[in-house]
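J.: Residue-level listing of the chains:
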Amino acid sequence: MADAAQGTVAPRKEDRLNKQERLALLECMLRIRRFEEGVIHLAMTPEYEYVGRQHLYIGAEGAGAGACLALGKDDLAHTTHRNHGYLVARGSDRMRMFAEILGRADGTNLGRGGSWHICDPDVGFRSTSAMVGGSIALAVGSAYALQKQKSKAISVAHFGDGTLDEGIGYEALNIASLFKLPVLFMCENNSKPGQRPSSMLAAKHLSHVPAALDMPTKAVNGADVEAVHLAAKEAVDHVRSGKGPYFLQADLERWPGSHQVHAAFPTGVTDISLAWDEGKIEGKNADWTRTYDPIRLYAKKLLGENAVTRDELTALDRKVADETDKLRATAVKSPFPPADAAAKQFA
Amino acid sequence: MADAAQGTVAPRKEDRLNKQERLALLECMLRIRRFEEGVIHLAMTPEYEYVGRQHLYIGAEGAGAGACLALGKDDLAHTTHRNHGYLVARGSDRMRMFAEILGRADGTNLGRGGSWHICDPDVGFRSTSAMVGGSIALAVGSAYALQKQKSKAISVAHFGDGTLDEGIGYEALNIASLFKLPVLFMCENNSKPGQRPSSMLAAKHLSHVPAALDMPTKAVNGADVEAVHLAAKEAVDHVRSGKGPYFLQADLERWPGSHQVHAAFPTGVTDISLAWDEGKIEGKNADWTRTYDPIRLYAKKLLGENAVTRDELTALDRKVADETDKLRATAVKSPFPPADAAAKQFA
Amino acid sequence: MTEMNFAEAMIDGLCVALDSDPSVSIIGRGISGHGAEAAADKRLAPYGDRVLDPPTSEAAVAMLALGASMSGLRMFLHFGTGVFAFEAWNQVVNEAANARYMSGGRLKSPVTFCMFHGLRNGGGPQHSASSQAMYANSPGLEVVMPASPADAKGLALTAIRSDNATVMLVHPSLLSLRADVPAGDYAVPFGQAAVRREGRDVTIVAFSRQVTEALKAAEILAKEGIDAEVLDPRTLVPLDEASILASVRKTGRLVVADETPVHYGCASEIAALVAEKGFGSLKAPVARVARPHTPVPFSPGMEAFLTPDAAKIADAVRRTLAA
Amino acid sequence: MTEMNFAEAMIDGLCVALDSDPSVSIIGRGISGHGAEAAADKRLAPYGDRVLDPPTSEAAVAMLALGASMSGLRMFLHFGTGVFAFEAWNQVVNEAANARYMSGGRLKSPVTFCMFHGLRNGGGPQHSASSQAMYANSPGLEVVMPASPADAKGLALTAIRSDNATVMLVHPSLLSLRADVPAGDYAVPFGQAAVRREGRDVTIVAFSRQVTEALKAAEILAKEGIDAEVLDPRTLVPLDEASILASVRKTGRLVVADETPVHYGCASEIAALVAEKGFGSLKAPVARVARPHTPVPFSPGMEAFLTPDAAKIADAVRRTLAA
Ligand SMILES: Cc1ncc(C[n+]2csc(CCOP(=O)(O)OP(=O)(O)O)c2C)c(N)n1
Ligand SMILES: Cc1ncc(C[n+]2csc(CCOP(=O)(O)OP(=O)(O)O)c2C)c(N)n1
Ligand SMILES: [Mg+2]
Ligand SMILES: [Mg+2]
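Chains as they are written, first to last, in this note's numbering: chain V, 93 to 439; chain R, 93 to 439; chain U, 537 to 859; chain D, 537 to 859.
Simulated from the structure, these hints should not be mistaken for lab results.
A couple of the hints might just be wrong.
Said to hold, decoys possible - Example chain D residues on the side facing chain R (calculated, C-beta under 10 Å, incomplete):
id, residue
1, Ala595
2, Met599
3, Ala601
4, Gly603
5, Met638
Claimed, not checked - To give an idea of the chain U side of the interface with chain D (calculated C-beta under 8 Å), a few residues:
id, residue
6, Phe622
7, Asn626
8, Met638
9, Thr796
10, Ser804
11, Ala811
12, Pro821
13, Pro831
Stated by the list, open to error - Below, a list of computed lysine to any residue pairs in the SDA-like style, where the Cα atoms sit at most 20 Å apart:
id, chain 1, residue 1, chain 2, residue 2
14, D, Lys759, D, Asp737
15, R, Lys335, R, Leu270
16, U, Lys819, D, Pro821
17, U, Lys819, D, Phe815
18, U, Lys759, U, Asp845
19, V, Lys240, U, Asp555
20, V, Lys393, V, Glu404
21, V, Lys418, V, Thr137
22, R, Lys436, D, Asp699
23, V, Lys242, U, Pro558
24, R, Lys165, D, Arg642
25, R, Lys335, R, Ser243
26, U, Lys813, D, Ala858
27, V, Lys244, V, Phe271
28, V, Lys392, V, Arg402
29, V, Lys165, V, Ser243
30, V, Lys296, R, Lys335
31, R, Lys284, U, Arg565
32, D, Lys848, V, Asp432
Each residue gets a CB set at the ideal place from its N, CA and C atoms; glycine is no exception.
Work out the full structure, taking the sequences as your base and the hints as a guide.
T.: Here is the structure:
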């Protein structure tokens, strides 16, 4: 499943977005990036007794920020194992997220879920499933509830291309289309030839599957946060207006570090100045940084259009980095829950 | 899933079929019909202690005979709960089939399987699954074995439209296309608006699903045995030549009696003379008999083209009916297996 | 109290749930089976789109029910034959079972998964499963098995009102069973066994259809001067351990009648419970009357050979008393 | 005899199978897990297309393996984490389990379904299942659980060569376990328990990783003058009932150490077996040391609280001897 799918990229109407909106997109991406770098720090610092494995959202910020900022606060979402980005984008308490990833008492799920299952109903998140094919079908269920409740809210399924390998992904798409359920299928396709892809579809394009089930589809470049955002707004309007489900695909180039805990940036962690000081880009992942890092690309674009200054960018990034560090510092102070708190069968 | 699917009906080249081939198709359909009428007789005769439920193949003979007579003796097949037709078509021992349906010791499966699971490796049949989505995925497995064995034989999946409701049906189609496995997907679509359909697909046409998975598809009128047969031959050639899977869909009008045990013919059982004596067609299912009964339609067509005489038809039908009655009479004499034969965990 | 059959009672429970709470929604068809009792389903017709006839997509339909239950509906999903729910195994035992717990209690999952289980005369190898032990071995699920019309109504109502995922298993041969059923809003609490017959000599713990068989066995044994107590746990999870242990304390003997395959099945759990916590009161070996450990053949005689019944239960009781 | 770790031994078994029979074919990746032992998988590379890396479509892939096994191949499919196999539940417990029996023995189904089970330090609610009791409650399946490198090789080889569908469950924390493994063609018969330690005072029946914990417990207890016998059934189905009963006849006491959820789990089956057929030799209540009946929390301390280990086994033994 290499190529971008059918459907044309949304017309780039930058003018549609004012400076504030554009900075919001950038800040959202930075929040996600700095959060994930914080997770890497936790995972690599023995004293925090980190266990388990997390799937980082680094490199997909354009897709997550672009889609989540197109949603209303009452809209519901279900996510996968790679869920941090969406929660951060929609304003979940990052301190509690860090704590959950460490299995601490102040975690969003009281330490019972960990990285794979962060749950925060306060910002619209229902269950996060780590089973491929889980989030898409749960999201169809939330959409079913919204339809019965005659709500104006919509349901969003965040999932990767791997979900289309699973029969349940197909069943969920079919049911949503069959009953015209208010659900946005937000697919992030990061499978590329050469890599061991996360999906093995015979379809020439991922979107041929939802298209066969009589659903509108569109594919956009996931490294272009504005393209994703504008396409997501169109998709959300379609779904909210009662026309049924919509399949939006963001094509991504997998961040080389997306499987490891170890950060894989030329400079160790993200350096916003790479947006203008490209000479500093080096190291084995320089290509990715130069061509696909959605944050660097967007910062560079905004600079090029004189929409922001270097100082504004530096200040914004610093602000986000500092607040993230503070939240992380608070989280690590949270105690582990008492061991016997495990002995509960239900809630 | 009402309408016929995309792909044009195979060019009708009657001349491709000689009299012998055409009579073989007709005889095959009659064998199936008379067999199923025999099952009805068994089910309705208390002394045979019939239990369980069978799914009769009446009305689908055009699809089954047309497809099965296009297969080679070494080709493998997996079938569903509605399996009698295929087994009869490929020459399984009908006495043992009757015995199996009655749970007798001489049954194809020693009475362990019953109607839903008739298995006869001698004529290419592997496991018969009564789970919707079972036969299609098993057939992909047999195709996988044939590919590894570098065999010239192909695998056939016989299944109904309901299989496309199940995610496993989609997964099986994808895997077959992905690995170019030698499998013919023979789908019988008997869902019609108005009835409670056996599938609920949002796709405009069933075949849009395999088509999305990059597989050639074709739809034919299942009441036209020659159309099915010619299309099946093309499909089999495609698969045997190593080009990968092929999806052939036969659209059927469900026989009104297909859910009941009770026969639902104007004259109680099939009367071949309805092929020329249409005035005799009456009763609540007269429409079906007049318009969709594949046997009556084919007999009428052959008469119309002077390919056979009424006497030949009558003689052929009588021969088939008599041999079927004899086999049934032998089967009912078969004893029940000893009850404690059940206490085996494996073979 | 009105007399009705099991199927009618269960539908009555669903109607009470639907009438008393607008958030209740149902998915499924043939809830009353395919026999003479099927007519009971007609009472659901007036509820319109609160009753959905789903596609044959068990996995996604189960998740639809679970997701909807997290977002404000109380879902009751009937799969039909229990083996069809095997297509939704991960969705029931891994998604639904964990959802509420792993959210730290921030989500509720008021979903009920209902299905038919058991040997049903001709179901054959693929339609005769009794998978209650498997569900009961999946922490996070409540597992219930009504054996009477009243419990069919009362347990269904409690299941629908529970904020946890619940699995309810019904034996199709019970659907025609007639008995008095309390009218109106009648809910049966989970975790409370019912003593179906009091007795002094032996405790028979029986599940689902085997309750009927155990009562028949008790009548046979009574004629032989054997006074059997018949206990119906009604819910496998939570299990009323206290009542089972109390009964064995009184009788000193235990026979378990159950339709799951004998090894690693429900009968083994009851036997283990007593061997662990009631060992002191046991006067004789525990006996399991269950489905022999083999696939289910279609042929009626062979199927009967595998089916636990009153005669087999009575034999086991006699052996236990002889020991 | 060569010393190697569990992962290497298992791959060695697969290579012997591949070399000795051209019809053997493998599906899966990460058979040796994701830890330091993963390198063992490299030995499979030379077999080319006899080892398939499948799409994430467990249900159809399981049926592909089953169908291929009916048509001449001997299939070994590794699902990875056991919960992924829940997506293929109907295909394993209802299709594969019944296929050979319901064909009247006319078909063979030489397919092995392998997977990881158990608590693995941070697996969390959805990746920590131990579903062996469920498979063992599905007649028609052989169910095996190697606890040593030699058995990993020997049971894998026997499973691949069996004409029945077999489920093999491996605990990831065993992958690094090192021990001597017989070279060449070494197959371990099903249905034969292994006495891991002889003892007079109590029988500890332990499965999979718990065998290691039971042996540790036995060492602790030895210092207290308690002589424990440790029995590893190795195969759940078929189960070597005779060896278990013989051991309890000798010791009079039984503790079962197992990682499935305690209710309706494997420990219950062993307890029931002895309560039914070994009651006369029991001097004390049976004790189950298993996973408490709750979903698995992510937080390490809570997970440890749920994990059976040597200390918990030793406590149970002391209680049993005190009774
Ligand atoms: C049912 C199931 N099968 C297998 C897995 C193992 N697994 C974890 S992540 C993953 C790849 C998922 O790919 P995708 O959904 O595209 O997400 P990505 O990691 O590429 O972002 C797989 C197969 C799983 N979690 N669930
Ligand atoms: C997994 C599964 N779910 C549900 C059923 C119940 N069922 C039996 S036949 C049938 C309809 C099948 O339709 P189709 O495959 O089109 O065959 P048809 O009966 O129409 O010929 C269903 C849903 C089943 N057998 N298996
Ligand atoms: Mg992906
Ligand atoms: Mg159909």
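J.: All hints, please: hold or fail.
T.: Hints versus structure:
no. : hint                     : result
1   : Ala595                   : 4 Å, holds
2   : Met599                   : 3 Å, holds
3   : Ala601                   : 6 Å, holds
4   : Gly603                   : 2 Å, holds
5   : Met638                   : 5 Å, holds
6   : Phe622                   : 4 Å, holds
7   : Asn626                   : 4 Å, holds
8   : Met638                   : 4 Å, holds
9   : Thr796                   : 7 Å, holds
10  : Ser804                   : 4 Å, holds
11  : Ala811                   : 4 Å, holds
12  : Pro821                   : 4 Å, holds
13  : Pro831                   : 4 Å, holds
14  : Lys759(D) with Asp737(D) : 14 Å, holds
15  : Lys335(R) with Leu270(R) : 12 Å, holds
16  : Lys819(U) with Pro821(D) : 13 Å, holds
17  : Lys819(U) with Phe815(D) : 10 Å, holds
18  : Lys759(U) with Asp845(U) : 18 Å, holds
19  : Lys240(V) with Asp555(U) : 16 Å, holds
20  : Lys393(V) with Glu404(V) : 14 Å, holds
21  : Lys418(V) with Thr137(V) : 16 Å, holds
22  : Lys436(R) with Asp699(D) : 15 Å, holds
23  : Lys242(V) with Pro558(U) : 13 Å, holds
24  : Lys165(R) with Arg642(D) : 18 Å, holds
25  : Lys335(R) with Ser243(R) : 14 Å, holds
26  : Lys813(U) with Ala858(D) : 15 Å, holds
27  : Lys244(V) with Phe271(V) : 16 Å, holds
28  : Lys392(V) with Arg402(V) : 10 Å, holds
29  : Lys165(V) with Ser243(V) : 13 Å, holds
30  : Lys296(V) with Lys335(R) : 17 Å, holds
31  : Lys284(R) with Arg565(U) : 19 Å, holds
32  : Lys848(D) with Asp432(V) : 15 Å, holds
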